[in-house]
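Novice: The residues making up each chain are set out below.
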Amino acid sequence: DAGVIQSPRHEVTEMGQEVTLRCKPISGHNSLFWYRQTMMRGLELLIYFNNNVPIDDSGMPEDRFSAKMPNASFSTLKIQPSEPRDSAVYFCASSLGQGARTGELFFGEGSRLTVL
Amino acid sequence: AQSVTQPDIHITVSEGASLELRCNYSYGATPYLFWYVQSPGQGLQLLLKYFSGDTLVQGIKGFEAEFKRSQSSFNLRKPSVHWSDAAEYFCAVALVGEKLTFGTGTRLTIIP
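Line by line, the protein sequences are chains A and B. Note that the numbering used here numbers the first sequence so that position 17 is 17, with each residue one more than the last. Note that the numbering used here numbers the second sequence so that position 92 is 92, with each residue one more than the last.
You may find that some hints are simply not true.
For lysine to any residue, the following SDA-like pairs were computed, each having C-alpha atoms within a straight-line distance of at most 25 Å [claimed, not checked]:
| hint | chain 1 | residue 1 | chain 2 | residue 2 |
| --- | --- | --- | --- | --- |
| 1 | A | 78 | B | 41 |
| 2 | B | 99 | A | 106 |
| 3 | B | 61 | A | 3 |
| 4 | B | 99 | A | 14 |
| 5 | A | 78 | A | 116 |
| 6 | A | 24 | B | 45 |
| 7 | B | 68 | B | 111 |
| 8 | B | 99 | A | 74 |
| 9 | B | 49 | A | 97 |
| 10 | B | 99 | A | 45 |
| 11 | B | 99 | A | 116 |
| 12 | B | 99 | A | 96 |
| 13 | A | 24 | B | 82 |
| 14 | B | 49 | A | 45 |
| 15 | B | 61 | B | 82 |
| 16 | A | 68 | A | 28 |
| 17 | B | 99 | A | 61 |
| 18 | A | 78 | B | 7 |
| 19 | A | 24 | A | 106 |
| 20 | B | 68 | B | 41 |
| 21 | B | 49 | A | 27 |
| 22 | B | 68 | B | 84 |
| 23 | B | 99 | B | 3 |
| 24 | B | 99 | A | 87 |
| 25 | A | 78 | A | 65 |
| 26 | B | 99 | A | 115 |
| 27 | B | 99 | A | 27 |
| 28 | B | 61 | A | 46 |
| 29 | B | 49 | A | 78 |
| 30 | A | 78 | A | 115 |
| 31 | B | 99 | A | 72 |
| 32 | B | 49 | B | 70 |
| 33 | A | 68 | B | 8 |
| 34 | B | 99 | A | 53 |
| 35 | B | 99 | A | 46 |
A partial selection of chain A residues facing chain B, derived with a Cβ cut-off under 7 Å [unchecked claim]:
| hint | residue |
| --- | --- |
| 36 | 46 |
| 37 | 89 |
| 38 | 91 |
| 39 | 110 |
For the record, the hints were derived by calculation from the structure and aren't laboratory data. For every residue, glycine included, the Cβ atom is placed at its ideal position computed from N, Cα and C.
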């Protein structure tokens, strides 16, 4: 069975460029999460969708970050313009159900972003 | 303020030895409790979870965790570690209907 699929796995870009990260959740899952992981801040929830609707985007750092989920099988996280401090591993995760009730998030392998 | 704490940043254990990773939480009510594992270069995988009932929870890969309400703890244990257990371990908590909050993680190193 296919898990959560993220692309690209690695991205190196220059400051000021636009970055788009992509995620395909597990089929049938109705919640999707974007996390950012850094050494300094650990795992941070950026945004959470349920049934394609953004439920909580309080973790989105600033207006340079945006996320969309146009349908149940695809989501994007966009950074425009990118800055060196955005360098991190970005994880997408999906789950069946809303909130923490099921508790089991299925994570993708992450997209490692380096902004020079 | 609500928080989850993993006091040990890094633990080194000999292969075959027992393991206990600590997790403490500070919430007004008993939250849902989880342990996740992250192998190098991978995403996180759920090891086990506690919602209610029996306070000793069994998970995958031979792990177990015990919920202790009086200590606000949910420590992860394994009787005998294998080299493949080397990874980062995250405790996570959430109140009903709310998002997961992850601890800062404990990196486990296994020595032969």
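Novice: Indicate, hint by hint, whether the structure satisfies it.
Specialist: So, going through the hints one by one against the coordinates:
About 22 Å separates the Cα atoms of residue 78 of chain A and residue 41 of chain B, which keeps this hinted pair within 25 Å; it holds. For the hint pairing residue 99 of chain B with residue 106 of chain A, the CA-to-CA distance comes to about 14 Å; that is within 25 Å, so the pair holds. The suggested pairing of residue 61 of chain B with residue 3 of chain A holds, with an alpha-carbon distance near 19 Å, which does not exceed 25 Å. For the hint pairing residue 99 of chain B with residue 14 of chain A, the CA-to-CA distance comes to about 33 Å; that exceeds 25 Å, so the pair is violated.
Under the criterion of a C-alpha separation no larger than 25 Å, the hint pairing residue 78 of chain A with residue 116 of chain A is consistent with the structure, at around 17 Å. For a cut-off of 25 Å, the pair hint linking residue 24 of chain A to residue 45 of chain B stands: about 17 Å separates their Cα positions. A distance of roughly 30 Å separates the Cα atoms of residue 68 of chain B and residue 111 of chain B; the hinted pair therefore is violated under the 25 Å criterion. Between residue 99 of chain B and residue 74 of chain A, the direct Cα distance comes to roughly 21 Å. Compliance with the 25 Å bound is thereby established for this hinted pair.
Between residue 49 of chain B and residue 97 of chain A, the direct Cα distance comes to roughly 15 Å. Compliance with the 25 Å bound is thereby established for this hinted pair. Proposed proximity of residue 99 of chain B and residue 45 of chain A is supported: the alpha carbons are some 9 Å apart, at most 25 Å. For the hint pairing residue 99 of chain B with residue 116 of chain A, the CA-to-CA distance comes to about 32 Å; that exceeds 25 Å, so the pair is violated. Under the criterion of a C-alpha separation no larger than 25 Å, the hint pairing residue 99 of chain B with residue 96 of chain A is consistent with the structure, at around 14 Å.
With a C-alpha separation of about 33 Å, the suggested pairing of residue 24 of chain A with residue 82 of chain B is violated against the 25 Å cut-off. Proposed proximity of residue 49 of chain B and residue 45 of chain A is supported: the alpha carbons are some 19 Å apart, at most 25 Å. Proximity of residue 61 of chain B to residue 82 of chain B is assessed by CA-CA distance (about 10 Å); at most 25 Å being required, the pair is judged to hold. The straight-line distance between the Cα atoms of residue 68 of chain A and residue 28 of chain A is roughly 18 Å, inside the 25 Å bound, and the hint therefore holds.
The suggested pairing of residue 99 of chain B with residue 61 of chain A holds, with an alpha-carbon distance near 17 Å, which does not exceed 25 Å. Only pairs whose Cα atoms come within 25 Å are accepted, and residue 78 of chain A paired with residue 7 of chain B is rejected, the gap being roughly 34 Å. Among the hinted pairs, residue 24 of chain A with residue 106 of chain A is consistent with the structure: their alpha-carbon atoms are about 12 Å apart, no more than 25 Å. For the proposed pair residue 68 of chain B and residue 41 of chain B, the alpha carbon gap of about 32 Å is over 25 Å, so the pair is violated.
Restraint check for residue 49 of chain B and residue 27 of chain A: satisfied, since their Cα atoms lie roughly 23 Å apart, inside the 25 Å limit. This hinted pair does not check out: residue 68 of chain B and residue 84 of chain B have alpha carbons roughly 28 Å apart, beyond 25 Å. For the suggested pair residue 99 of chain B and residue 3 of chain B, the alpha carbons sit about 13 Å apart, so the restraint of at most 25 Å is met. Taken as a hint, the residue 99 of chain B and residue 87 of chain A pair is honoured in the structure, with Cα atoms around 24 Å apart against an allowance of 25 Å.
For the given pair, residue 78 of chain A sits about 6 Å from residue 65 of chain A by alpha-carbon distance, which is consistent with the 25 Å threshold. Simply put, residue 99 of chain B and residue 115 of chain A have alpha-carbon atoms about 29 Å apart, too far for the 25 Å limit, and the pair is violated. Of the supplied pair hints, the one linking residue 99 of chain B and residue 27 of chain A holds, its CA atoms being roughly 21 Å apart against a limit of 25 Å. Proximity of residue 61 of chain B to residue 46 of chain A is assessed by CA-CA distance (about 30 Å); at most 25 Å being required, the pair is judged violated.
In summary, the hint linking residue 49 of chain B to residue 78 of chain A is not supported, as the alpha carbons are separated by about 32 Å, beyond the 25 Å threshold. Distance check on the hinted pair: residue 78 of chain A and residue 115 of chain A sit about 14 Å apart at the alpha-carbon level, within 25 Å; holds. Taken as a hint, the residue 99 of chain B and residue 72 of chain A pair is honoured in the structure, with Cα atoms around 20 Å apart against an allowance of 25 Å. Proximity of residue 49 of chain B to residue 70 of chain B is assessed by CA-CA distance (about 19 Å); at most 25 Å being required, the pair is judged to hold.
This hinted pair does not check out: residue 68 of chain A and residue 8 of chain B have alpha carbons roughly 37 Å apart, beyond 25 Å. Restraint check: the Cα-Cα separation between residue 99 of chain B and residue 53 of chain A comes to about 15 Å, which is no more than 25 Å; the hinted pair holds. Annotation: proposed proximity of residue 99 of chain B to residue 46 of chain A holds, straight-line Cα distance about 11 Å (limit 25 Å). The criterion of a C-beta within 7 Å of any C-beta in chain B is not met by residue 46 of chain A, whose closest approach is roughly 11 Å, and the hint is violated.
Given hint, residue 89 of chain A at the interface with chain B, is violated; its Cβ is 9 Å from that chain's nearest Cβ, farther than 7 Å. Interface restraint check for residue 91 of chain A: the shortest CB-CB distance to chain B comes to about 6 Å, inside 7 Å, so the restraint holds. For residue 110 of chain A, the suggested interface contact is upheld, since its CB lies about 6 Å from the closest CB of chain B, less than 7 Å.
Of the numbered hints stated above, those contradicted by the structure are hints 4, 7, 11, 13, 18, 20, 22, 26, 28, 29, 33, 36, 37, listed in ascending order.
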